[in-house]
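*Asks:* Go ahead and model the full structure; you've got the sequences and the hints to work with.
Okay, here's what each chain looks like letter by letter:
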Amino acid sequence: MSDRQPEHYVAPIEDATVEVDALKLKERKSNLWLDAWRDLRRRVLFYAALLVVLVVLTMAIAPTLFTDVSPTLGCQLTNSNGASIAGHPMGFTRQGCDVFARVVWGARTSLSVGILVVVITAVIGIPMGAIAGFFGGKLDSLLSRIGDIFFSIPYFLAAVVVMSVLGQYRSVWVIALAIGGFAWASLARILRAEVLQVKNSDYVMASEAVGRGRMATLLSHVLPNSLTPVIVTLTIALGAAIVAEASLSFLGLGLNSNVMSWGQDISQAQSSIRTAPMALVWPSVMLTVTVLAFIVLGELIRDALDPKSRARR
Amino acid sequence: MKKRGAHLLTYILRRVLQAIPVFFGTTLLIYFMVFAMPGDPITALFGDKTPNPAVLEALRAQYHLDQPFIVQYLLYMKDFFTGNLGETFSGQAVGDVLARSFPVTLKLVIMAVVLEFILSVVLGLISGLRKGKLFDNANLVAALVLSSLPVFVAMFLAQYFIGIKLGWAPVTVGQDTTWGAMFLPALVIALTIYVTGMRLMRGSVIESRQADYVRTAYAKGLTHRRIVPVHIARNSLIPVITNTAASFGALIAGTTITEGIFNIPGVGNVLYQAIIRGENPTVVTFVTILTVVYVVVNILVDLLYAVLDPRIRYV
Numbered sequence: 001m002s003d004r005q006p007e008h009y010v011a012p013i014e015d016a017t018v019e020v021d022a023l024k025l026k027e028r029k030s031n032l033w034l035d036a037w038r039d040l041r042r043r044v045l046f047y048a049a050l051l052v053v054l055v056v057l058t059m060a061i062a063p064t065l066f067t068d069v070s071p072t073l074g075c076q077l078t079n080s081n082g083a084s085i086a087g088h089p090m091g092f093t094r095q096g097c098d099v100f101a102r103v104v105w106g107a108r109t110s111l112s113v114g115i116l117v118v119v120i121t122a123v124i125g126i127p128m129g130a131i132a133g134f135f136g137g138k139l140d141s142l143l144s145r146i147g148d149i150f151f152s153i154p155y156f157l158a159a160v161v162v163m164s165v166l167g168q169y170r171s172v173w174v175i176a177l178a179i180g181g182f183a184w185a186s187l188a189r190i191l192r193a194e195v196l197q198v199k200n201s202d203y204v205m206a207s208e209a210v211g212r213g214r215m216a217t218l219l220s221h222v223l224p225n226s227l228t229p230v231i232v233t234l235t236i237a238l239g240a241a242i243v244a245e246a247s248l249s250f251l252g253l254g255l256n257s258n259v260m261s262w263g264q265d266i267s268q269a270q271s272s273i274r275t276a277p278m279a280l281v282w283p284s285v286m287l288t289v290t291v292l293a294f295i296v297l298g299e300l301i302r303d304a305l306d307p308k309s310r311a312r313r
Numbered sequence: 001m002k003k004r005g006a007h008l009l010t011y012i013l014r015r016v017l018q019a020i021p022v023f024f025g026t027t028l029l030i031y032f033m034v035f036a037m038p039g040d041p042i043t044a045l046f047g048d049k050t051p052n053p054a055v056l057e058a059l060r061a062q063y064h065l066d067q068p069f070i071v072q073y074l075l076y077m078k079d080f081f082t083g084n085l086g087e088t089f090s091g092q093a094v095g096d097v098l099a100r101s102f103p104v105t106l107k108l109v110i111m112a113v114v115l116e117f118i119l120s121v122v123l124g125l126i127s128g129l130r131k132g133k134l135f136d137n138a139n140l141v142a143a144l145v146l147s148s149l150p151v152f153v154a155m156f157l158a159q160y161f162i163g164i165k166l167g168w169a170p171v172t173v174g175q176d177t178t179w180g181a182m183f184l185p186a187l188v189i190a191l192t193i194y195v196t197g198m199r200l201m202r203g204s205v206i207e208s209r210q211a212d213y214v215r216t217a218y219a220k221g222l223t224h225r226r227i228v229p230v231h232i233a234r235n236s237l238i239p240v241i242t243n244t245a246a247s248f249g250a251l252i253a254g255t256t257i258t259e260g261i262f263n264i265p266g267v268g269n270v271l272y273q274a275i276i277r278g279e280n281p282t283v284v285t286f287v288t289i290l291t292v293v294y295v296v297v298n299i300l301v302d303l304l305y306a307v308l309d310p311r312i313r314y315v
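From first to last, the protein sequence lines stand for chains A and B. First residue of the first sequence? That's 1 in our numbering, and the numbers climb one at a time after it. First residue of the second sequence? That's 1 in our numbering, and the numbers climb one at a time after it.
These are calculated hints, taken from the structure and not from any lab test. Values in this document were obtained by computation on a predicted structure and should not be read as measured data. Mixed in with the good hints there might be a few duds.
[As the list claims (entries may be wrong)] Below, a sample of chain B positions facing chain A; criterion: calculated Cβ distance under 8 angstroms:
| # | residue |
| --- | --- |
| 1 | Leu29 |
| 2 | Ser148 |
| 3 | Ala250 |
| 4 | Thr291 |
Every residue, glycine too, gets a C-beta built ideally from N, C-alpha and C.
*Replies:* And the structure:
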């Protein structure tokens, strides 16, 4: 009676597994962007895509770093469709211009159109999608119907019409508006769907409960937490915009012929495809690699930002 | 069962009603872009060319330019619906040109879509079954690279290597619009777009491989050879089918460059030639027609989705 057994086994203090808690305290600080960065940092493809983007960006900013040869002056018809020689590694176009120089200088058009399109897409698409999703009701119906209309015109065809009509005002801005003026609709749709999900979170209700205005809540809580798909969509849209510009130039609806553009060079080289395929191949390679880099970057960011896909790997 | 039927019917009605503002919105937008520009839209349409005064007069009459803008548009739509589509630059009736060229485009797009479907299902299935293996990785990378090839680059590559170097296919199609002659461009289209369908297939194969009904099938002793086609593949097809249907619409409106490069006498080529020659009134007419077709096909795709997938909520 006196030596009572404890009813349950109680482990001696030194056997207890307190380290579990200690370990948890030491666990790395984690948030979405930090996790995504850790994930990206480990992927070779990410560095490859980034390198391509940086090289093309440098070409666009400072083409003379890559070549001393002028892409327009000093073209000699005696060199027409010539093969590569020393100093001209990619040969010559039909007009006798240096293909390498034209490829380098063409980066500027492609990138500036691509970046402008992304800016225009973001400036129209983000407010349209965010306001429609957050405020809902009649405003949502109105904005979404407007979006539907723009979404229902294949945006390349729309750009073809705009560029045909505005034939005499061809500039980087006009092309970017022709493409971005229609490309925003899909961004608005994606963002609206994301905002609809985010706006039911506890922190959004909390923000409104403590008396923040609707607009302030949207800007400081809802929007920052809905940006993931926006960033992915815009990165991929940059690649798509470069393709659209090249396709318009290919059809003769791009910039004036004195501006270098990969699409235009490809279009002009097509008549010599049998005799001098290299003048066609090099701008095509450059265009494809650049577009691929942006698409890969977008996909990697999507993957890295999606906790589900990370758990699956 | 009866309830589902009734729901489906309301959904269809609703979807068609929703399409009406979209239809008028898109056509109004195109019309607006062309005819609300400052200056005389008709002369603007010709750019730096000097058109025949008789042609100018005919166009002014066709687009009812003496009326206020919205009346112009409504009259234009009335003509559109009554089949009075106007004439192309060379004076052919647009209706006749469509009747001749649309079947060709349809043939090309059907072939491309069938090839896309086969590529998506077969490669997606194998990839899904061998997730993380060499085939899977190679397939994912290949699909990504192919999808970032701009259409005209892909077409030139095919034309140069398969048409000119190897001589396996005609370099251009011309009037010979047989299935065989159009196989190469159709295959190239399929190769540049199969990425989405393939990923959908791969994703649902991976998902259904771990599903309970597949485990049950293995548990009751069925062989792999029976489970893969019957239990895994068949259950993964719905998203691929709807994706294929969606690309059908996009392709009908998007074969301009392909048909131009391979000289296929379809609707896209009519538009291509009009763009190259700067015949803007024809460009506008055909863009409008293609947009309308695109809108209609997209409604049909949505309806197909609703019919195919009983889980969809009719909202």
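*Asks:* Give a verdict on every hint.
*Replies:* Hints versus structure:
1. Leu29: Constraint on B/Leu29 satisfied, holds at 6 angstroms.
2. Ser148: This interface hint holds because 4 angstroms falls under the 8 angstroms limit.
3. Ala250: With a closest approach of 7 angstroms, the B/Ala250 hint holds.
4. Thr291: Check passed: Cβ of B/Thr291 comes within 5 angstroms of chain A, closer than 8 angstroms.
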